[in-house]
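Residue numbers (this note's numbering), protein chains in the order written: chain A, 42 to 357; chain B, 42 to 327.
Hints are computed from structural coordinates only; laboratory data are not their basis.
Bear in mind the structure is a predicted one, so any value in this text is a computation, not a measurement.
Fair warning: there could be bad hints in the mix.
Not everything, but these chain B residues come out facing chain A in the computed CB check (under 10 Å) [as the list claims (entries may be wrong)]:
| no. | residue |
| --- | --- |
| 1 | Leu74 |
| 2 | Ser83 |
| 3 | Asn94 |
| 4 | Ser102 |
| 5 | Ala144 |
| 6 | Ile156 |
| 7 | Met159 |
| 8 | Met165 |
| 9 | Pro194 |
| 10 | Ala229 |
| 11 | Asn276 |
| 12 | Met296 |
Even for Gly, the Cβ is constructed at its ideal location relative to N, Cα and C.
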Amino acid sequence: MSLLTRARPGHTASRPPRASRRAGTGRLAGVLLSPTLIVLGLVVGYPVLAAFRLSFIVSSESIDPQTGFKVTATSYGLDNFEAVFTGDRFLRPWWNTTSFALASVAIEVLIGVAMALVMHQAFRGRALVRAAILVPWAIPTAISGLLWKWIFNSQGVANELLGANVLWSSEGFQAWLSVVIADTWKTAPFVGLLVLAGLQLIPGELYEAAKVDGAPPWYGFWHITLPLVRPALVVAVLFRLLDVLRMFDLPYLLVGPRKHSVETLSMIAFEEMSNLRFGTAAAYATVLFLYIAVVAFSFVKLFGADLIGRGTRSPQ
Amino acid sequence: MSTRTNEATIAGRFRTGFPARRIGILAIVVYCLAPFYWMVVSSLRRPSDQFSNSLLPTTISFENYAAAFDARNGFARALLNSLVVAGATTALTLLVAIFAGYALARLDFRGKTLILTMIIAASMFPPITLVVPMLRLFTDAGWINTYQAMIVPSMSFALPLAVWNLTAFFRQMPAELEKAAQVDGCTAAQAFRKVVIPLAAPGIFTTAILVFICAWNEFLIAASVVNDRQMMTANVIVSLFTGQYKYDQPFGTQMAAGVVVTLPLVAAVLFFQRRIVDGLTAGGLK
Numbered sequence: 042m043s044l045l046t047r048a049r050p051g052h053t054a055s056r057p058p059r060a061s062r063r064a065g066t067g068r069l070a071g072v073l074l075s076p077t078l079i080v081l082g083l084v085v086g087y088p089v090l091a092a093f094r095l096s097f098i099v100s101s102e103s104i105d106p107q108t109g110f111k112v113t114a115t116s117y118g119l120d121n122f123e124a125v126f127t128g129d130r131f132l133r134p135w136w137n138t139t140s141f142a143l144a145s146v147a148i149e150v151l152i153g154v155a156m157a158l159v160m161h162q163a164f165r166g167r168a169l170v171r172a173a174i175l176v177p178w179a180i181p182t183a184i185s186g187l188l189w190k191w192i193f194n195s196q197g198v199a200n201e202l203l204g205a206n207v208l209w210s211s212e213g214f215q216a217w218l219s220v221v222i223a224d225t226w227k228t229a230p231f232v233g234l235l236v237l238a239g240l241q242l243i244p245g246e247l248y249e250a251a252k253v254d255g256a257p258p259w260y261g262f263w264h265i266t267l268p269l270v271r272p273a274l275v276v277a278v279l280f281r282l283l284d285v286l287r288m289f290d291l292p293y294l295l296v297g298p299r300k301h302s303v304e305t306l307s308m309i310a311f312e313e314m315s316n317l318r319f320g321t322a323a324a325y326a327t328v329l330f331l332y333i334a335v336v337a338f339s340f341v342k343l344f345g346a347d348l349i350g351r352g353t354r355s356p357q
Numbered sequence: 042m043s044t045r046t047n048e049a050t051i052a053g054r055f056r057t058g059f060p061a062r063r064i065g066i067l068a069i070v071v072y073c074l075a076p077f078y079w080m081v082v083s084s085l086r087r088p089s090d091q092f093s094n095s096l097l098p099t100t101i102s103f104e105n106y107a108a109a110f111d112a113r114n115g116f117a118r119a120l121l122n123s124l125v126v127a128g129a130t131t132a133l134t135l136l137v138a139i140f141a142g143y144a145l146a147r148l149d150f151r152g153k154t155l156i157l158t159m160i161i162a163a164s165m166f167p168p169i170t171l172v173v174p175m176l177r178l179f180t181d182a183g184w185i186n187t188y189q190a191m192i193v194p195s196m197s198f199a200l201p202l203a204v205w206n207l208t209a210f211f212r213q214m215p216a217e218l219e220k221a222a223q224v225d226g227c228t229a230a231q232a233f234r235k236v237v238i239p240l241a242a243p244g245i246f247t248t249a250i251l252v253f254i255c256a257w258n259e260f261l262i263a264a265s266v267v268n269d270r271q272m273m274t275a276n277v278i279v280s281l282f283t284g285q286y287k288y289d290q291p292f293g294t295q296m297a298a299g300v301v302v303t304l305p306l307v308a309a310v311l312f313f314q315r316r317i318v319d320g321l322t323a324g325g326l327k
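Generate coordinates for the entire structure from the input sequences, incorporating the hints supplied.
Written out as structure tokens, the structure is:
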């Protein structure tokens, strides 16, 4: 905020006109942006700090020897984090969260890129494909969780098609796999859409030039398409990665709570919160938040996602 | 943009093109629509055919829909709750985001990159981190089982999405128009209200659809801050349906309710697909 409110009226008068115009712009920007910043501060900034503080609060109940009443003592300490890291319910949910992200995003990228290439090639019927692609995205995740639970029912259509009798929604690898399949279904088309948008920015002359120079057909894909579509792909992967790391609805409704093979960090925090153990809930939530922040930061450093450019870049 | 007319005239037709391409298109369409088709077909079966896996229902029946709207489920009320929560979230978010989007697209000021980074970072927080302290706060404030307890946290993901989209949209509008209005004697505020807002209407509308769909899909917040069936949103209540028939899980009823919850969105998506795609790829969020 200090950056925005630096333009004080008393100071602008003595400055050269250009600087004062800029200061006026700064003030206008401050006025226009402050509602958004205040709301985000209240609904994002405050809760994150409050969760952080809450995760250090340890309350213990005891009987006051003088009065005989129950008293709750509150102190600050690392007990909640100790409970998180020493308990037997951290490593497995952490690994579930991570493996869901790795597997889902990898499959979504493969399917998404394939879809984008088909849509880019297929001139006819593109409107139909685009409409179809938006359908999985528009179905609420909670509803799609129930839909896939039905598909993966022991007598459901998945088993019928596979000619198998897999107990999908019980514990085990198949439950984990069912979540990956459902997540992939919902979001691979979305990745495809973003990649397609990237593909459409590549000028066709590049391919013609490669053809004239006698390059083999695959050359275009590896040396023109992939490098040029990379920025769009990197942003799509980052968003998907962060989205899967905080996944809750899909495993919660498709398989269910307290299932070790699909339990994510969000689900554990939710369960602790539902049982009114706010301290440990906040500790789990804080650990998840820090983990996501580290992943996001490393990803941006490694792959150089140009996030800001997407919002501010002028149209091509 | 030369594709526009071509697409309009040949949409959905596969007259020419290599078979491989047609197979590709077909594969994508089947991949995307098959599970949704299964939801619709399952919802139209008779409860006694529930476990039949035939491609078409033997007898079309609306019993599952009647069961979904059974008074005991409170589904109609839940739909209304969803509409209120998603609608209010959309309206409030747009009201705030239009100004921010305009400022970020048009004005040049110090700290702009920082603010853009903050807004995009705000959209990446795991909702559970936000909900845990909010639930405590709402309990103390007596906000449990209220609409505002669902609307306020929903703005945490709706607002960055809206600001991002509107910034991209305002960028595409020629700045000369509001300058011309100012030359003609409008103040900056008048130019904004009388020229910019009407011209930006399509972009605002697209953003509204995207925000509404995201808010309508919300589950975690609604499941956390509400425990009274009267105040639950559709997504939450459908997951809590109890069997009207003697199955463990009332899948038929849930699929019927799922179709009801989803169909308005699917219709909107089909109708506004071009705008939604533009909005999604401009924002790149969610």
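| Should the interface hint for Asn94/B be scored as holding, given a Cβ-Cβ cut-off of 10 Å against chain A? | holds (4 Å)
| query | Under the criterion of a CB-CB separation shorter than 10 Å, is Ala144/B in contact with chain A as hinted? | reply | holds (4 Å)
| task | Using Cβ atoms only, decide whether Asn276/B comes closer than 10 Å to chain A, and label the hint accordingly. | result | holds (4 Å)
| task | Under 10 Å, Cβ to Cβ, is where Met296/B needs to be relative to chain A, so tell me if that hint holds or is violated. | result | For Met296/B, the interface hint holds, since the closest Cβ of chain A sits about 6 Å away, which is under 10 Å.
| field | Per-residue hint verdict: Ser83/B, partner chain A, C-beta under 10 Å | value | holds (6 Å)
| task | Under 10 Å, Cβ to Cβ, is where Ile156/B needs to be relative to chain A, so tell me if that hint holds or is violated. | result | Hint holds; Ile156/B Cβ to chain A Cβ min 6 Å, cut 10 Å.
| Minimum beta-carbon distance criterion (10 Å), Pro194/B to chain A | holds (6 Å)
| query | Regarding the hint that Met159/B lies at the interface with chain A, is the smallest CB-CB distance below 10 Å? | reply | With Cβ-Cβ at 7 Å, under 10 Å, it holds.
| request: With a cut-off of 10 Å on the beta carbons, see whether Ala229/B makes it to chain A. | output: holds (7 Å)
| query | Given Ser102/B as an interface hint, is the shortest Cβ-Cβ distance to chain A below 10 Å? | reply | The hint is violated - Ser102/B has no Cβ within 10 Å of chain A, the shortest such distance being about 17 Å.
| query | Does Met165/B pass the interface check with chain A, least Cβ-Cβ distance below 10 Å? | reply | At 5 Å from the nearest chain A Cβ, Met165/B passes the 10 Å test, so the hint holds.
| query | Does Leu74/B pass the interface check with chain A, least Cβ-Cβ distance below 10 Å? | reply | holds (5 Å)
When the structure is compared with the earlier hints, a violation turns up for hint 4 alone.
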